[in-house]
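Hey, can you work out the whole structure from these sequences and the hints?
There are 2 protein chains.
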Amino acid sequence: MFDAAESDPRLTAEQAKPLEAKLRTALLKAQYARLKKADQSLLIVIAGIDGAGKGASISLLNEWMDARHIRTSAFGEPTLEERKFPFFWRYWQKLPAEGKIGIVFGSWYEPLFKEAGKKKPDPAAIQEHAQVARQFETMLSHDGVQIIKLWYHLSQEAQVQRTDKLLSNPETAWRVRPEDIKVRKKFARLRDAGALGISLTHSEHAPWQVIPSADEEMRSISTGQAVLAALRRPVREHIAKERGTETTEAAEAVSVNALAISGRLHLAEPPAPRLQELDYHVALNDHDYDQQLAMWQSRLAKLTQSKKFEKLPLILVFEGQDAAGKGGTIRRITHALDARQFHAIPISAPSPEELAHPYLWRFWRDLPGPGKVTIFDRSWYGRVLVERVEKLIQPAQWQRAYAEINHFESQLRDGGALVLKFWLAITKDEQLKRFHERQSSTFKSFKITPDDWRNRKKWDDYTHAANDMFARTDTPHCPWHVLSANDKQHARVAVLETIVSALDKSL
Amino acid sequence: MFDAAESDPRLTAEQAKPLEAKLRTALLKAQYARLKKADQSLLIVIAGIDGAGKGASISLLNEWMDARHIRTSAFGEPTLEERKFPFFWRYWQKLPAEGKIGIVFGSWYEPLFKEAGKKKPDPAAIQEHAQVARQFETMLSHDGVQIIKLWYHLSQEAQVQRTDKLLSNPETAWRVRPEDIKVRKKFARLRDAGALGISLTHSEHAPWQVIPSADEEMRSISTGQAVLAALRRPVREHIAKERGTETTEAAEAVSVNALAISGRLHLAEPPAPRLQELDYHVALNDHDYDQQLAMWQSRLAKLTQSKKFEKLPLILVFEGQDAAGKGGTIRRITHALDARQFHAIPISAPSPEELAHPYLWRFWRDLPGPGKVTIFDRSWYGRVLVERVEKLIQPAQWQRAYAEINHFESQLRDGGALVLKFWLAITKDEQLKRFHERQSSTFKSFKITPDDWRNRKKWDDYTHAANDMFARTDTPHCPWHVLSANDKQHARVAVLETIVSALDKSL
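Chain order of the listed sequences is A and B. Under this note's numbering, the first residue of the first sequence carries the number 1, and numbering increases by one thereafter. Under this note's numbering, the first residue of the second sequence carries the number 508, and numbering increases by one thereafter.
No lab work stands behind these hints, which were simulated from the structure alone. On a predicted model such as this, the values are computed, not experimentally measured, just so you know. One or more of the hints may lead you astray.
[As the list claims (entries may be wrong)] Calculated Cβ distances over 10 angstroms to all of chain B for the following chain A residues: (1) 13; (2) 76; (3) 121; (4) 215; (5) 225; (6) 281; (7) 338; (8) 487; (9) 488.
[Stated by the list, open to error] Restricting the straight-line Cα-Cα distance to at most 27 angstroms, the calculated cross-link-like pairs of lysine-lysine (DSS-like) are: (10) 543(B) x 447(A); (11) 22(A) x 954(B); (12) 182(A) x 814(B); (13) 444(A) x 536(B); (14) 692(B) x 17(A); (15) 22(A) x 951(B); (16) 36(A) x 951(B); (17) 488(A) x 524(B); (18) 444(A) x 607(B); (19) 433(A) x 536(B); (20) 100(A) x 601(B); (21) 444(A) x 543(B); (22) 433(A) x 529(B); (23) 94(A) x 954(B); (24) 692(B) x 302(A).
We treat Cβ as the ideally placed atom computed from N, Cα and C, and that holds for glycine.
In structure tokens form, the structure reads like this:
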């Protein structure tokens, strides 16, 4: 894999100069074209042998292109704050918006290359690291982020020569970092680790490219050429999305198939609850409601004030038909919480900034830390509900979303969070009754919009989408709690009880 | 101050019901009107006696209005992460955008009321806390943030009664927090602390309002009315800004006067450097440059890798005429830094999101933590340079900005940061030469735009603005370093030397 790079190819200044001039002009032109089109971003992942000139190459890209539209993010060991969140959290925060370029140094590949570079690496850990990187990149590339990954490489002799030369001159010795020196003792291991990591994570939509780095001119020109090629060649998947060539049926067939094969399509036992089968007659009288509400709120208050809770991030997701009573239920929960520990987030149509990022981006930004609660009033499931039914996205996109969401929620769980998902279900008649009530109330009429009536006409489509969603995202680690909300009092108490039981188990 | 509230006024349910219905309709209407106009935000600060129902009032506002456009932020004791930044940092992060409403619980008043409520309060500390709160609010209110502050109050008897009643019933006892009980032992002190804090920080643009809280109906209606009144009455200052009634001369006279009186107009001794007086002939030959550059870079590298630096946030600000060589100078600095420790931020015209917030907001978001470096390529000084000269803002706004900037930088220093401000100065002839060079280079021509030529025509205006800026923002804690950049090599070395010397002193 590294034969060409380890032959340490060089360019003379005479060869490089005209190439560089052309490259810079072309890069700028391509950068501005992408910026103008603003339909996808470019993420450049930097990795490779230490002391090969990675840092200099980052500076170079910032110099050759318009740095105002490039965001360079360099990550070291995760900070204490970063450790409180799932592994990918800090990378999500720094994703470039559509039209922009992001350069990532110290990326999600660090753990993979570190493990692979050990004297006795753990093959299972390597596979695991590679898999999460692949999943992350697949999702990004589907969502308008183009990815290229550059591996800076040179022969062992060249690496030693380069650092020795810098060291021999007191004016340049400071450029050599301790890790650059360590390379010489374990060059073979690092090279093999690189080769393994690359082969495990190379893909058409997020390709690796090896940059020969022994010679500065060669390294610079190769870097520029790699970036230029990427800027000029947008992601294929993205084009398919725009053209909208796939049919619903075909996509659906492929997707369910793929999910079943990959084992991510979890068919729960007992079968996932379906909206039509729910008992909508359960109800709670006023007296029982008052008593039980206070009891569960009291227990919730105690649990969330407990010492153990300080280590747990709690995520509550509320979905359901319009007018199902999500807001009222959420207020019964927050009533038992300390105002400083929760954040309730109503999710509506995405802002322009949010639209310019992968669709999960906005949710990553609002994750709770330990001892905190985030309550999502509607959520990432909009992708497979309203966006699917209203045809705001292509079938391939929402089909893919089931696996993406399951993967997202796995990461939340792996990061230590407790995730509880509720669907408040009402019948079509009950909804009509509530719509009329809202319309006749001056101060509730804002809660009913033409959208609500429009959605109601698609009742069956939404029911179908919801049932599909339960079947595909009702995972063992994040099951759906589907509850009748025809009686608001029953629903509120049932939700509180579910939260308290889950906390009891987790703490 | 609290006589009316401590008479514990009440409303019967019959009185409250029609009032509430009207209020809710009016609040929604006013909220949507503000949202549509989107010319200023409303910030509601919540404070008062514990156990008076503050939390319930926050829920109420979220219920009565459209919660999707309200951002409630509750702050507790600062976290370890928050302690790394200046005191106001976390509040800046949560400011509502124009058109939106923010509710703040656990605000910047906590230290003030805490100090004032001590058995032996420190009057100087109280004054200090009050002053920073006033300065913060004055700036926000000038910048499109309307502020109201609600103090929830009730008599001691009512507070005891209320908590006792809750405690006596096992179903409600959990609602009483430890701090609600502690109130009874020190009610008089807390009341006096409240009265003192309010009187020190009440102002026309950020008024306090006392909410009688013994009775739930009364508390709810009073809260709603206070918010409604605010929504209906926009900030006066803001109207003046839109109408643009002030003339430059009048504003200038007033402002300089005010600055002099407040003592914030720092006339440096020796006098602030002026662009016309600079020696533009200093230069460095190639040999000396190579040697000195490497020497200073080496020292910078060592200092920023040192143990002591891990505790210091470093902020570098670069201003100067177009084509003065800021980018090249910055690259010579970053070359000596670890990619993981710095963030270089080119500042150009604000995004729509940034425009919807006070102008310092975007800079607060990019402050470095300890051991990190943020390099601003152009900065908050745009307010008194391009925005002033191009008349993008009213004279009153940029006049005010000197004091606001000085205050901002004081907070950075108080938060432990080292702030170094550089002006790279070139002569008009040198600029012309560089413009022509850029135009004739295919890959540098993007660096020269019609804007640059337009700015050049206003050379004298910019010089005047820069000299004013030096005179008014060259503070002892954050002095300006004005350097000739007619010779790039000289400028680069001089900047590096200044940074190294300042670090040497600080570490």
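The output says residue 488(A) does not contact chain B. Does that hold with a beta carbon cutoff of 10 angstroms?
At roughly 14 angstroms from the nearest Cβ of chain B, residue 488(A) sits farther out than 10 angstroms, so the non-interface label holds.
When you check the alpha-carbon spacing of residue 94(A) and residue 954(B), does it fall within 27 angstroms?
The given pair, whose Cα atoms are some 26 angstroms apart, holds under the 27 angstroms limit.
Given the proposed pairing of residue 36(A) with residue 951(B), does the C-alpha separation stay at or below 27 angstroms?
Distance ~19 angstroms between residue 36(A) and residue 951(B) Cα, so the pair holds.
Classify the label on residue 121(A) as holds or violated, using whether its beta-carbon is more than 10 angstroms from each beta-carbon of chain B.
24 angstroms, holds
Given as non-interface: residue 13(A), which should sit over 10 angstroms from chain B by C-beta:
Nearest chain B Cβ is 17 angstroms from residue 13(A), so the label holds.
Given the hint that residue 22(A) pairs with residue 951(B), does the C-alpha gap stay at or below 27 angstroms?
12 angstroms, holds
Does the claim that residue 215(A) lies outside the interface with chain B hold up, using a Cβ gap greater than 10 angstroms?
The assertion about residue 215(A) holds, with a minimum of 19 angstroms to chain B.
Decide if the proposed pair is consistent with the structure: residue 444(A) and residue 543(B), CA atoms, cutoff 27 angstroms inclusive.
Holds: residue 444(A) and residue 543(B) sit about 19 angstroms apart, inside 27 angstroms.
Proposed proximity, residue 524(B) with residue 488(A) (alpha carbon, max 27 angstroms)
Roughly 22 angstroms separates the two Cα atoms, so the pair holds.
Decide if the proposed pair is consistent with the structure: residue 444(A) and residue 536(B), CA atoms, cutoff 27 angstroms inclusive.
Holds, at roughly 12 angstroms.
Holds or violated: are the alpha carbons of residue 692(B) and residue 302(A) at most 27 angstroms from each other?
At roughly 24 angstroms apart (the allowed maximum being 27 angstroms), residue 302(A) and residue 692(B) satisfy the hint.
Residue 692(B) and residue 17(A) were given as a pair; does the straight-line alpha-carbon distance stay at or below 27 angstroms?
This hinted pair is violated, its Cα atoms lying about 80 angstroms apart.
Of the hints listed earlier, those the structure fails to meet are numbers 2, 7, 14, in rising order.
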